[in-house]
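Trainee: One-letter residues, chain by chain:
Number of protein chains: 2
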Amino acid sequence: MLNNQVLISKAQIKSIRLLHDKKHRLEQGLFIVEGEKMVAELLKDASFKIDSIFSTEDFLTKQSKALKDLASDSIHQISEKELGQISTLQTPNKVLALVQFPKRADIKIQAKKKYILLDNIKDPGNLGTILRTADWFGIDTIFCSPECVESTNPKVVQATMGSFFRVKIYSCSLEALIKQNPSLTVYGAVLEGENLYESTFETGGFLVIGSESHGISEGLKALLTHQIKIPNIGMAESLNASIATAIICSEWTRQIDFRKKD
Amino acid sequence: MLNNQVLISKAQIKSIRLLHDKKHRLEQGLFIVEGEKMVAELLKDASFKIDSIFSTEDFLTKQSKALKDLASDSIHQISEKELGQISTLQTPNKVLALVQFPKRADIKIQAKKKYILLDNIKDPGNLGTILRTADWFGIDTIFCSPECVESTNPKVVQATMGSFFRVKIYSCSLEALIKQNPSLTVYGAVLEGENLYESTFETGGFLVIGSESHGISEGLKALLTHQIKIPNIGMAESLNASIATAIICSEWTRQIDFRKKD
Numbered sequence: 001m002l003n004n005q006v007l008i009s010k011a012q013i014k015s016i017r018l019l020h021d022k023k024h025r026l027e028q029g030l031f032i033v034e035g036e037k038m039v040a041e042l043l044k045d046a047s048f049k050i051d052s053i054f055s056t057e058d059f060l061t062k063q064s065k066a067l068k069d070l071a072s073d074s075i076h077q078i079s080e081k082e083l084g085q086i087s088t089l090q091t092p093n094k095v096l097a098l099v100q101f102p103k104r105a106d107i108k109i110q111a112k113k114k115y116i117l118l119d120n121i122k123d124p125g126n127l128g129t130i131l132r133t134a135d136w137f138g139i140d141t142i143f144c145s146p147e148c149v150e151s152t153n154p155k156v157v158q159a160t161m162g163s164f165f166r167v168k169i170y171s172c173s174l175e176a177l178i179k180q181n182p183s184l185t186v187y188g189a190v191l192e193g194e195n196l197y198e199s200t201f202e203t204g205g206f207l208v209i210g211s212e213s214h215g216i217s218e219g220l221k222a223l224l225t226h227q228i229k230i231p232n233i234g235m236a237e238s239l240n241a242s243i244a245t246a247i248i249c250s251e252w253t254r255q256i257d258f259r260k261k262d
Numbered sequence: 001m002l003n004n005q006v007l008i009s010k011a012q013i014k015s016i017r018l019l020h021d022k023k024h025r026l027e028q029g030l031f032i033v034e035g036e037k038m039v040a041e042l043l044k045d046a047s048f049k050i051d052s053i054f055s056t057e058d059f060l061t062k063q064s065k066a067l068k069d070l071a072s073d074s075i076h077q078i079s080e081k082e083l084g085q086i087s088t089l090q091t092p093n094k095v096l097a098l099v100q101f102p103k104r105a106d107i108k109i110q111a112k113k114k115y116i117l118l119d120n121i122k123d124p125g126n127l128g129t130i131l132r133t134a135d136w137f138g139i140d141t142i143f144c145s146p147e148c149v150e151s152t153n154p155k156v157v158q159a160t161m162g163s164f165f166r167v168k169i170y171s172c173s174l175e176a177l178i179k180q181n182p183s184l185t186v187y188g189a190v191l192e193g194e195n196l197y198e199s200t201f202e203t204g205g206f207l208v209i210g211s212e213s214h215g216i217s218e219g220l221k222a223l224l225t226h227q228i229k230i231p232n233i234g235m236a237e238s239l240n241a242s243i244a245t246a247i248i249c250s251e252w253t254r255q256i257d258f259r260k261k262d
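Sequences listed follow chains E and H, in order.
One point on numbering: in the numbering used here, the residue at position 22 of the first sequence is 22, and numbering is uninterrupted.
One point on numbering: in the numbering used here, the residue at position 133 of the second sequence is 133, and numbering is uninterrupted.
So here's chain E without its partners, still in its complex pose:
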């Protein structure tokens, strides 16, 4: 064992397990990041404040340099068995970190930037995958309606594969956001809109993605300036919300960032 590392108490195990639930995360202002790769990314990112780390010896040794700036009493060397007791994963992976909720500065919307607005996205895997996809396409800010799955849900965090640390998530009324920024174009994925491939995108704007089961809510739909449909050739009735987001972001990127005659 490295010097000074503290062990884990039964009370701590209980307290971490409580953070699997949204209520306790919101109360304590802490969320969970797990696994070798995710925590390595976290350690590189100065904008998130780490409360404590619970790690097997292996990871502590490997990351000793990155860990040296943390207070030694916040680093806990634990066994695989103890990790299993606190982990949210089916296959726990070396390390679990408790991280403080990010403090988000007030945001100023920029007309030339792309933003994704998520209306009532309930599935944590979908939200996480959308964050990862947004990060791929250089979209660094996402707005979630208050009905969306809580964004520090462990399944969200893990599905982002590290993009959680780079893409800023705000929870707010999407209608209010759109009304406060009337000059921005508002695209929305609907089943009865204009053919995506015949749509013309502006450099920046809002892309609204509706819920997995009900699509975009009526109040928001009325605020769309462009209703877009991904044309279907086959028989599927709908696309997964994260898939629809990715296809539209790809076409938007193609038109704006890689436009060429074809």
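Source of the hints: derived by calculation from the structure; they are not laboratory data.
Warning: the hint list may mix true and false statements.
Said to hold, decoys possible - Examples of chain H residues toward chain E, derived with CB under 10 Å:
# : residue
1 : Glu57
2 : Thr133
3 : Asp135
4 : Phe137
5 : Asp140
6 : Ala159
7 : Ser250
Where is the CB? At the ideal position from N, CA and C, for every residue including glycine.
Please arrange chain H on chain E, whose structure you already have, making use of the hints.
Mentor: The following block gives chain H in isolation, referenced to the frame of chain E:
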């Protein structure tokens, strides 16, 4: 209770629970389809043979017409509690059907059709979402390498949202498949390929998607005629496999089925 419906025995409950596991599905040649919407789709599809249905009264009443062609001793009216005992879902939904493995006829590859080849896709949610996306884009045949997650895994079936009944899945050596069809173009998603948006697609061909953690295996990579990369503007290291599939299928569809000058 409707006439003639049989109840469920403890032995049946045990036998259905065994089908949650691949080994028993392969041995018995049966897999599970669950939920009101999925089973309604199944009942419309004559190409799958239903072994038995375990349903709450509600669904039986609602679907009595669609159920009338099934042998009455294959229909079991059960309680919500019994459904919970056999279900693979966190929130069981009215009905569970046992279905015989589809018998796939030998396939003749057509040069003008699009095919997706999945190399070592392990996540059932990914495979299910890929099937749903393929169905959306009119791609009706998928080839899985033998290392892929077993295609009748309940999480695969449920994630397809009904597309499971329309998209044919074959498990085979992808290398052998490509070598047997040397005239087809073989596209592959890699991290060091040609810009997707500058690639030119043929009408038909094979699209190879690699595993979530290792990408396309070396042997297969050597068989690609076009290495394609989805350009990234942001920081994410990779995309989810189902997202990458969707983005490439969308661009392929745009070029072939919706080409216009832009």
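Trainee: Run every hint past the structure and note whether it holds.
Mentor: Hint check:
Below 10 Å, beta-carbon pairs count as interface contacts, and Glu57(H) has none with chain E, the closest being about 24 Å; its hint is therefore violated. Annotation: Thr133(H) was flagged as interfacial toward chain E, and the flag holds, the nearest CB pair being 5 Å apart, inside 10 Å. About 4 Å separates the beta-carbon of Asp135(H) from the nearest beta-carbon of chain E, less than 10 Å, and the hint is met. For Phe137(H), the interface hint holds, since its Cβ comes within 10 Å of a Cβ in chain E; the closest pair sits about 6 Å apart.
Interface restraint check: Asp140(H) against chain E, minimum CB-CB distance 7 Å, threshold 10 Å, status holds. For Ala159(H), the shortest C-beta to C-beta distance to chain E is roughly 8 Å, which falls under 10 Å, so the interface hint holds. About 4 Å separates the beta-carbon of Ser250(H) from the nearest beta-carbon of chain E, less than 10 Å, and the hint is met.
Consistency note: the structure conflicts with earlier hint 1 alone.
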